[in-house]
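Under this note's numbering, the sequence shown is numbered contiguously, ending at residue 291.
Heads up, a few of these hints could be off.
With beta-carbon atoms standing in for the labels, derived distance ranges [said to hold, decoys possible]:
| no. | residue 1 | residue 2 | range |
| --- | --- | --- | --- |
| 1 | V151 | D185 | 54 to 62 Å |
| 2 | N260 | P199 | 44 to 52 Å |
| 3 | T105 | D127 | 31 to 39 Å |
| 4 | A281 | V225 | 40 to 48 Å |
| 5 | A143 | L192 | 53 to 61 Å |
| 6 | P199 | V151 | 23 to 31 Å |
| 7 | L192 | A231 | 42 to 50 Å |
| 8 | G177 | P199 | 22 to 30 Å |
| 9 | V151 | D190 | 44 to 52 Å |
| 10 | D127 | N278 | 22 to 30 Å |
| 11 | E147 | S195 | 26 to 34 Å |
| 12 | N278 | D185 | 31 to 39 Å |
| 13 | R162 | V122 | 27 to 35 Å |
Think of the hints as simulated: they come from the structure by calculation, not from any bench.
Glycine residues also receive a C-beta, built at the ideal position from the N, C-alpha and C atoms.
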Amino acid sequence: MTATVESSRKGSGRAQKGATGAAPTLPQVNLLPPEVTAARGLHQLKRWLVLGIATVVLALALVYVVAVLSGVQARSDLRAAEEETQRLLAEQATYAEVPVVLGRLDDTTRARELGMSTEIQWTTYYGAISGALPDGVSIDSLRYSGESPMASAPAPASPLAAAAVGQIQFAARSVTVPTAADWATALDSVPGFSDAWISAFTVTADDAGNPYYTVSGTVQVTAGAYSNRFAADATATSEEG
51 MTATVESSRK GSGRAQKGAT GAAPTLPQVN LLPPEVTAAR GLHQLKRWLV
101 LGIATVVLAL ALVYVVAVLS GVQARSDLRA AEEETQRLLA EQATYAEVPV
151 VLGRLDDTTR ARELGMSTEI QWTTYYGAIS GALPDGVSID SLRYSGESPM
201 ASAPAPASPL AAAAVGQIQF AARSVTVPTA ADWATALDSV PGFSDAWISA
251 FTVTADDAGN PYYTVSGTVQ VTAGAYSNRF AADATATSEE G
């Protein structure tokens, strides 16, 4: 009885091992017709084709949208540039007179420089001439002839005198004979004067019969007598100051 039970248990154990072990693979056979398999492959191909076409269409749509947006932005930039150009042109028209005015101002400045290039401050020099007179001598007449922007300077009265920009001719009277050398030296010491020349003494009488000496003389005027108030350098210095 015991042997039978054990044999039964062993047999049952072998049966369980056989049930839990891997079952052998059985051969499979596709019984579907080839048309069904081909139809399934064609359907899958169509799905991939539709997906590819949709992807291409989506990409083209995206490119189109980007192109449209770029065109809109370009047109907007163009309008902004045109508006800015019109604004600048309008502003330029507002200041169109400025170059003309500046050109006229330059012409006026150059004309003033040329016209005033031979200016002499005669008040100062007349005082210097009076200060150089000997005692008892007074000026009767004073005449200046010199170069201008349109004319050259006259020749010196004395052949020994250096070239100058002008000449002062004067007539004076004196109750005594003045010392010509001292007088000429005093005139030459004035800045802008040179080669003073006392040329003649003539005895004359006034209406009351009182005798006096008439004296004639000349003095050369050099470029140092020019004021140069309107020269370019002087104008620039004045503006900086």
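Against the structure, the hints come out as follows:
1. For V151 and D185, the hinted distance range of 54 to 62 Å is satisfied, since their beta carbons lie about 58 Å from each other.
2. A hinted range of 44 to 52 Å holds for the C-beta pair N260 and P199, which are about 46 Å apart.
3. Look at T105 against D127: about 33 Å separates their beta carbons, and that is inside 31 to 39 Å.
4. A beta carbon spacing of about 44 Å between A281 and V225 agrees with the range 40 to 48 Å that was offered as a hint.
5. Range check, A143 to L192: about 57 Å between beta-carbon atoms, so the 53 to 61 Å window is met.
6. Against the hinted window of 23 to 31 Å, the Cβ-Cβ separation of P199 and V151 comes to about 25 Å, which satisfies the hint.
7. Here the CB-CB span from L192 to A231 is close to 21 Å, at odds with the stated 42 to 50 Å.
8. Take G177 and P199: their Cβ atoms lie about 26 Å apart, and the range 22 to 30 Å holds.
9. The given range of 44 to 52 Å is respected by V151 and D190, whose C-beta atoms sit roughly 50 Å from each other.
10. For D127 and N278, the hinted distance range of 22 to 30 Å is not satisfied, since their beta carbons lie about 57 Å from each other.
11. Take E147 and S195: their Cβ atoms lie about 43 Å apart, and the range 26 to 34 Å is violated.
12. The beta-carbon spacing between N278 and D185, approximately 35 Å, falls within the hinted interval of 31 to 39 Å.
13. The beta-carbon spacing between R162 and V122, approximately 60 Å, falls outside the hinted interval of 27 to 35 Å.
In summary, the numbered hints that this structure violates are 7, 10, 11 and 13.
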